[in-house]
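There are 2 protein chains.
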Amino acid sequence: MTDALASGSTIGILGGGQLGRMLAVAASRLGLRCHVYDPAPDGPAAEVCAAATCAAWDDEAALRAFASAVDVVTYEFENVPAASLDLIEAIVPIRPGRRALAVSQDRIDEKDFLRDLGLATAPYATVDDAASLEAALERIGAPAILKTRRFGYDGKGQARIMVQGDAAAALAGMNGAPAILEGFVEFSHEVSVIGARGLDGAVACFDPGENRHEDGILRETTVPARLTASQRTDAVLLAARILTALDYVGVMGVELFVTASGLVVNEIAPRVHNSGHWTQNGCLIDQFEQHIRAVAGWPLGDGARHSDVTMENLIGDDVDRIPQIAATQSALHLYGKAEARPGRKMGHVNRLTGPAR
Amino acid sequence: MTDALASGSTIGILGGGQLGRMLAVAASRLGLRCHVYDPAPDGPAAEVCAAATCAAWDDEAALRAFASAVDVVTYEFENVPAASLDLIEAIVPIRPGRRALAVSQDRIDEKDFLRDLGLATAPYATVDDAASLEAALERIGAPAILKTRRFGYDGKGQARIMVQGDAAAALAGMNGAPAILEGFVEFSHEVSVIGARGLDGAVACFDPGENRHEDGILRETTVPARLTASQRTDAVLLAARILTALDYVGVMGVELFVTASGLVVNEIAPRVHNSGHWTQNGCLIDQFEQHIRAVAGWPLGDGARHSDVTMENLIGDDVDRIPQIAATQSALHLYGKAEARPGRKMGHVNRLTGPAR
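In order, the protein sequences belong to chains U and A.
Quick note on numbering: the UniProt record's numbering labels position 297 of the first sequence as 297, and the sequence is numbered without any gaps.
Quick note on numbering: the UniProt record's numbering labels position 18 of the second sequence as 18, and the sequence is numbered without any gaps.
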C-alpha cells in the first residue's frame with residue numbers, strides 16, 4: 001500500500017447522484033472523506049459527503065478549487081465534459097483514466113476498441129445521414145437499432161428500425177446527432193460482469209449477474225446468472241482483457257449477451273454499475289468499496305460472494321411499495337430523491353436467496 | 001408504517017463519534033438525512049451527515065435550533081446532560097426515551113431496575129464514604145470492584161479491591177464521586193445480546209455474540225457465542241423483558257455473564273453497541289439500520305444472520321496493521337480519526353468464518 005491514500009484523505013467525486021452517494025458511504029468505511037461536484041443542488045450524494053461543490057461543468061474557478069481540495073478524482077458517470085477533465089487532471093489524478101472515458105463516451109469508439117481486442121460485438125456502422133444509414137441497413141439488415149453515438153443511457157436516444165420504412169423517422173429522431181446503427185443480436189439472456197483493476201494492476205471480478213430489463217431500464221439482477229462454467233470463465237477473462245487494455249483503475253460494468261456462439265459485448269461502463277448493486281448484500285466488499293479501494297490505491301477485495309441475491313430496482317411509482325418491502329426481510333437502498341418521476345431510479349432492494357451456490 | 005418517517009426526513013443524533021457515523025450511513029440507506037450535534041469539532045460522524053452543529057451541551061439556542069431542524073432525536077452515548085434533553089424534548093421526540101437514559105446513566109438505578117425485573121446481577125451496594133464502603137465490603141466481600149455511579153465507560157472510573165486493604169486507595173480514586181461496589185461474578189465467558197424494539201412494540205434480537213476484553217476494552221466479538229439452546233432463549237427473553245419494561249424504542253446492548261447458575265446481567269447500554277458491530281457483515285439489516293428503523297417508526301428487521309463473524313476492534317496502534325488487514329479478505333470499518341491514542345477505538349474489522357451455523 002505504498003501509493004495508498006491514508007485514512008483522512010479526500011476523494012473527489014464528479015457527479016452527485018445515487019452512485020456517488022453509495023461511493024461516499026463505502027469510502028467512509030475506509031476512513032476516507034468525499035467531496036462531490038455536481039451542477040445540480042441537493043443531489044443524493046451531497047448529504048453523505050464531507051464537502052460538496054455545486055457549480056457548472058465550465059466553472060473553471062470552481063473546478064480548480066475542487067481539484068486542489070482533494071487527493072484523487074473519480075466519477076459516477078461517463079459524460080463529464082473533456083475540458084473539465086483537462087482542467088482537473090492538471091492538478092490531481094483522475095481514476096479511472098481518460099482513455100476509458102474517451103472510449104465509453106462514444107459508441108463507435110467503444111465498438112472499435114472492443115473489436116480491436118478481438119471481442120465479439122453486435123454488427124455496427126457509423127450513421128451521419130440518410131445515405132450512410134441506407135448503406136448501413138444494406139449491410140446489417142433490419143431489424144436494427146439506431147443510437148446516438150454519445151450521451152445515451154437507459155434507452156434514451158435510441159430508435160428501433162424494424163423494417164426499412166422506419167429508417168427516415170429513426171434518423172429524424174437523432175436530431176442531427178452522429179449516430180450508430182447496431183444489428184440485433186440473437187441472445188438468450190443478458191449478464192454483466194463487474195470487474196475491477198487496482199493501481200497495482202491486479203484484477204478481480206464479481207460473479208456475473210443476470211439482468212432483466214423493462215422499457216430499456218434495468219429491472220432486476222439475479223446472482224448467480226445462468227451460465228456454464230466455461231461461459232463464466234470467458235466472461236471474467238474478457239472483462240480482464242478490457243480492464244488491462246485500458247490500463248484501467250477502478251470498477252467497470254461489462255454487459256454481455258449470452259448467445260449460442262458465445263458471449264457478445266453489449267456495452268461497457270467505466271464506473272460502478274446498477275447491475276452490481278447486489279454486491280452490497282452478497283459480498284463482504286461490494287462494488288462501491290472495490291472502486292474506492294482501486295482509486296485510493298488500496299488492495300482489492302477478491303470479489304467472493306457469500307450469498308445468492310436478487311436485486312430489484314425501484315423506479316418511479318415503485319416507491320409506493322416501500323412500506324410493504326420494508327416489512328419483509330430485504331435490504332432497502334433508497335437514494336433520498338424527493339420526487340418520484342416515471343422512469344426515475346429511486347432506490348433498489350436486495351433479497352438474499354440463500355448461501356452462495 | 002403509519003407513524004414512519006418518510007424518505008427525506010431528518011434524524012438528529014446527539015454525539016458525533018463512530019457510532020453516530022455508522023448510524024448516519026445506515027440512515028442514508030433508508031433515504032433519511034442526519035443532523036449531528038456534538039461539542040467537539042470534526043468528529044467521525046459529521047463528514048457523513050447532511051448537517052452538523054458544533055456547540056456545547058448547555059448552548060440553549062443551538063439545542064433549540066437543532067431540535068427544530070430535525071424530525072426525531074436519538075443519541076449515540078448515554079451521558080447527554082438531562083437539561084439538554086429537557087430542552088430538546090419540548091420540541092421533538094427523543095428515542096429511546098428518557099427512562100432508558102435515566103436508568104443506564106446511574107449504575108445503582110440500573111441494578112435496582114434489573115433486580116426489580118427479577119433479573120440476576122452481581123451483588124452491589126451504594127458507596128458514598130469510607131463507612132458505607134466498609135459496610136458494603138462486609139456484605140459483598142473481596143475481591144470486588146468499586147465504580148463511579150455515573151459517566152464510566154471502557155473501564156474508566158473503576159478500581160479493583162482485591163483485599164480489604166485496597167479499599168482506601170480505591171475510594172480515593174473516585175474523587176468523592178458517588179460510587180457502587182460490585183461483587184465479582186464467577187463466569188465462564190461474557191456474551192451480549194443486541195436487542196431492538198420498534199415504535200409498534202415489536203421486539204427483535206440479533207444472535208448473542210461472545211466478547212473478549214483486554215484492559216477493560218472490548219477486543220473481539222465472535223458469533224455464534226458458546227451457549228446452549230436454552231441459554232440462547234434465556235438471553236433473548238431477558239433482553240425482551242428489559243426492552244418492554246422500559247417502553248424502549250431503538251437498539252440496546254445487554255452484556256451478560258454466563259455462569260453455572262444462569263445468565264447474570266452485567267450492564268445495559270441504551271444505544272447501538274460495540275459488541276454488535278459484527279451485524280454489519282453478518283446480517284442483511286445491521287444494528288445501525290435496526291436502530292434507525294426503530295427511531296424512524298419503520299418495521300424492524302428480524303435479526304437473521306447469514307454468516308458467522310468475528311469482529312476485532314482496532315485500538316490505538318492497531319492502525320499500523322491496517323495495510324496488512326486490507327490485503328486480506330476482511331471488512332474494514334475505519335472511523336476517520338486523525339490521531340491514534342492508546343486505548344482509542346480507531347476502527348474494527350469483521351471477518352466471515354462461514355455460512356451461519
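In short, the hints are calculated from the structure, not lab data.
Just so it is clear, CB atoms sit at the ideal spot from N, CA and C, and this is done for glycine as well.
You may find that some hints are simply not true.
Covered stretches of chain U, going by a simulated chain A footprint (3 or more residues, C-beta under 8 Å) [stated by the list, open to error]:
no., stretch
1, 18-28
2, 105-117
3, 205-218
4, 275-288
5, 318-329
6, 347-356
Which hint numbers doesn't this structure obey? 2, 3
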